[in-house]
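Below, each chain spelled out in residue letters.
Protein chains: 2
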Amino acid sequence: MELRDFQELMRELYFHRDTQRGVEKTFMWITEELGELGRAIRMKDEEGIKEEMADVVAWLVSLGNLLGVDVEGAVLSKYGEVCPRCGKIPCECPFP
Amino acid sequence: MELRDFQELMRELYFHRDTQRGVEKTFMWITEELGELGRAIRMKDEEGIKEEMADVVAWLVSLGNLLGVDVEGAVLSKYGEVCPRCGKIPCECPFP
Chain A
6 MELRDFQELM RELYFHRDTQ RGVEKTFMWI TEELGELGRA IRMKDEEGIK EEMADVVAWL
66 VSLGNLLGVD VEGAVLSKYG EVCPRCGKIP CECPFP
Chain B
6 MELRDFQELM RELYFHRDTQ RGVEKTFMWI TEELGELGRA IRMKDEEGIK EEMADVVAWL
66 VSLGNLLGVD VEGAVLSKYG EVCPRCGKIP CECPFP
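First to last, the sequence lines map onto chains A and B.
Everything in the first sequence is counted per my numbering, starting at 6 for the first residue and increasing by one.
Everything in the second sequence is counted per my numbering, starting at 6 for the first residue and increasing by one.
Read the hints as simulated data drawn from the structure, not as lab findings.
Any given hint could be a false lead.
Which copy is meant is left open, so a pair is good if it fits within one copy or across any two.
In the DSSO-like style, the derived pairs of lysine-lysine whose C-alpha atoms are separated by at most 30 angstroms in a straight line are [to be verified]:
hint : residue 1 : residue 2
1    : K30       : K93
2    : K49       : K30
3    : K83       : K93
4    : K83       : K30
Every value quoted in this text rests on a predicted model; they were computed, and no experiment measured them.
Generate the whole structure from the sequences, applying the supplied hints.
Next comes the structure, spelled out in structure tokens:
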């Protein structure tokens, strides 16, 4: 699945709701889903972990739609085939 | 860009570091990047917004690597071509 196609699907499904809700409340939804992911990890809920990870991605690209950001383009700009800080594969930056 | 390929790239670059850091601290990194995204939105920093969105995706798939979750598979399981709650395109769930 191309991340760009998924962002477009989220636009088709939810952009009318995203625009009503606005940037700030959409950001709050991401934090809520991230909290649910944290809880699923803590509870070792494997299905919940998958579902909440999916929700974080979904809300993040919805936020991208609201802000006019192509999330795939943003990822490709920052992360090429090497670590963006040390330029190595694998990363050799000082740990942590 | 296939989300699965990006998750694999993050594994090549960072899995050795991710395993040293562990699940909990990797989760904390996501929250840190999300906070930086919130700040970039608040400051209307367009480049920062793109960079922090990329970082949230990168840390999320790194967490997926640590937890053995194929994030693309998780997204595809939850989000098909219709809203998973109301089954409609676009979503007709009660707002909000």
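**Message:** Cα distance capped at 30 angstroms. Does K83 pair with K93 within a copy, between copies, both, or neither?
**Reply:** within (14 angstroms within a copy, 35 angstroms between copies)
Checklist entry - Between K83 and K30, at a C-alpha cutoff of 30 angstroms, which is it: within one copy, between copies, both, or neither? => result Classified as both; 26 angstroms inside a copy, 22 angstroms across copies.
| task | Using 30 angstroms as the alpha carbon limit, work out where K49 and K30 are close: within a copy, between copies, both or neither. | result | both (28 angstroms within a copy, 16 angstroms between copies)
**OP:** Tell me, please, which holds for K30 and K93 at an alpha-carbon limit of 30 angstroms: within, between, both or neither?
**Re:** between (38 angstroms within a copy, 23 angstroms between copies)
Violated hints: none; the structure is consistent with every hint.
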